[in-house]
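**Student:** Dock chain G against chain B, hints included.
If you want the building blocks of each chain, they are given just below.
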Amino acid sequence: MKVLIIIPAYNEELNILKTVEKIVNIKSNDAIDYIIINDGSTDKTQEICQKEKLNAITLISNLGIGGAVQTGYKYAYYNDYDIAIQFDGDGQHDEKYINTLIEEIKRGNDFVIGSRFIGNLSEFKSSTARKVGIKLLSILIKVFGKIKITDPTSGFRAANKKVIKLFAENYPTEYPEPETIIYLKNKEMKIKEIPVEMHERQHGKSSIKPLNSAYYMFSVSIAIFINGLFGKRGEK
Amino acid sequence: MNITLRIFLIILLLVFLALVFLQINKKKISMRYASLWIIIIFLLIIVTIFPGIIIKMADLLGFETTSNMVFLLGFFVLAYLIFVLTTNLSKANEKNKNLVQELSILKKKIEELENRKKVKND
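Here the protein sequences line up with chains B and G, keeping their order. FYI, in our numbering the residues of the first sequence are 1 to 236. FYI, in our numbering the residues of the second sequence are 1001 to 1122.
Don't read these hints as lab results, they were simulated from the structure. No experiment lies behind these values; they were computed from the predicted model shown. Where a beta carbon is used, it is the ideal one built from N, C-alpha and C, also for glycine. Any given hint could be a false lead.
DEER-style ranges, computed between Cβ atoms [what the hints assert, rightly or not]:
{"id": "1", "chain 1": "G", "residue 1": "Tyr1080", "chain 2": "B", "residue 2": "Ile60", "range": "55 to 65 angstroms"}
{"id": "2", "chain 1": "G", "residue 1": "Thr1004", "chain 2": "B", "residue 2": "Asn170", "range": "39 to 49 angstroms"}
{"id": "3", "chain 1": "G", "residue 1": "Asn1096", "chain 2": "B", "residue 2": "Lys106", "range": "33 to 43 angstroms"}
{"id": "4", "chain 1": "G", "residue 1": "Asn1121", "chain 2": "B", "residue 2": "Ile60", "range": "38 to 48 angstroms"}
{"id": "5", "chain 1": "B", "residue 1": "Arg201", "chain 2": "G", "residue 2": "Asn1093", "range": "22 to 32 angstroms"}
Isolated chain B (complex conformation) (with noise of 0.2 angstroms):
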């Protein structure tokens, strides 16, 4: 099976040659290559990658975490991968649950999904109030998806073939993680979550900045009602 590992890198001069140096020594029957997805980076990401001869694609300008990922996506079903890996460039994803991702895909999952709530192999969780938020997110999944998923913010997860083309086609960009579930819900994808372990972050910052996350989690809550409510119907 033909592996492409996506990496979204969005001013991660720091890590990002720690985190391709960890995937390239995966050992795996597969065939592992990745893609860098430099979202316009400010820092040296690109010169970084360059020099070092990353294989990585730089947006010309910035999209934003959804819209780089969504690239990497692309990029798998331009060139025909079996399995696409989201993992971020920043350290919080171990590269040994890579393997695990892989496996649960080929037993006939479309979808996985790494979570640090199942299970204590995670002793990084999050912080309180941002565990609430997950919690709330994961309540109204279940309320509207009829699908218990722990942690709907994960952003270390696995798509097969058939979902690789659905995300190439139409990506929720702009709070991608729990929404793709909704999506792939209504689409009857198999979706299923392992246990993994996540660190905190190296360097740089988290994508969801907390003043915002108010505004965050109301506008994921109404995409997942919205979704949940009419996107079946939608959708046919």
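**Tutor:** Coordinates of chain G only, in the frame set by chain B:
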């Protein structure tokens, strides 16, 4: 309405109309939006020349004063226009996003091909 005020308003509207025509000529505004503004300006000119129309209308609809109706109407029209604008802006953003993505992917592909050619030639 005072005659000086009416003349002043009409001149203002005509300047506005000239501005729209100028933008059409420079192709800086699409006809779809330009027509909308031209219709709005014409309606305002008619109302300024014959204010009786809206005075009667406000009376029939039960407004205490004509200005109340004018402000309310103006508010609704503007709110609607801004809503249409945000919808169009979102559409334009989506198209722009797709362009950035496809162009960036193509750019990478071209760079790859050129590098391969260079290696072959060396």
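**Student:** Determine for every hint whether it applies to the structure shown.
**Tutor:** Going down the list of hints, with the structure as the test:
1. G:Tyr1080 x B:Ile60: 55 to 65 angstroms: About 35 angstroms separates the Cβ atoms of tyrosine 1080 (chain G) and isoleucine 60 (chain B), which means 55 to 65 angstroms is violated.
2. G:Thr1004 x B:Asn170: 39 to 49 angstroms: 59 angstroms, violated
3. G:Asn1096 x B:Lys106: 33 to 43 angstroms: 37 angstroms, holds
4. G:Asn1121 x B:Ile60: 38 to 48 angstroms: 28 angstroms, violated
5. B:Arg201 x G:Asn1093: 22 to 32 angstroms: Given range 22 to 32 angstroms: holds, Cβ gap about 28 angstroms.
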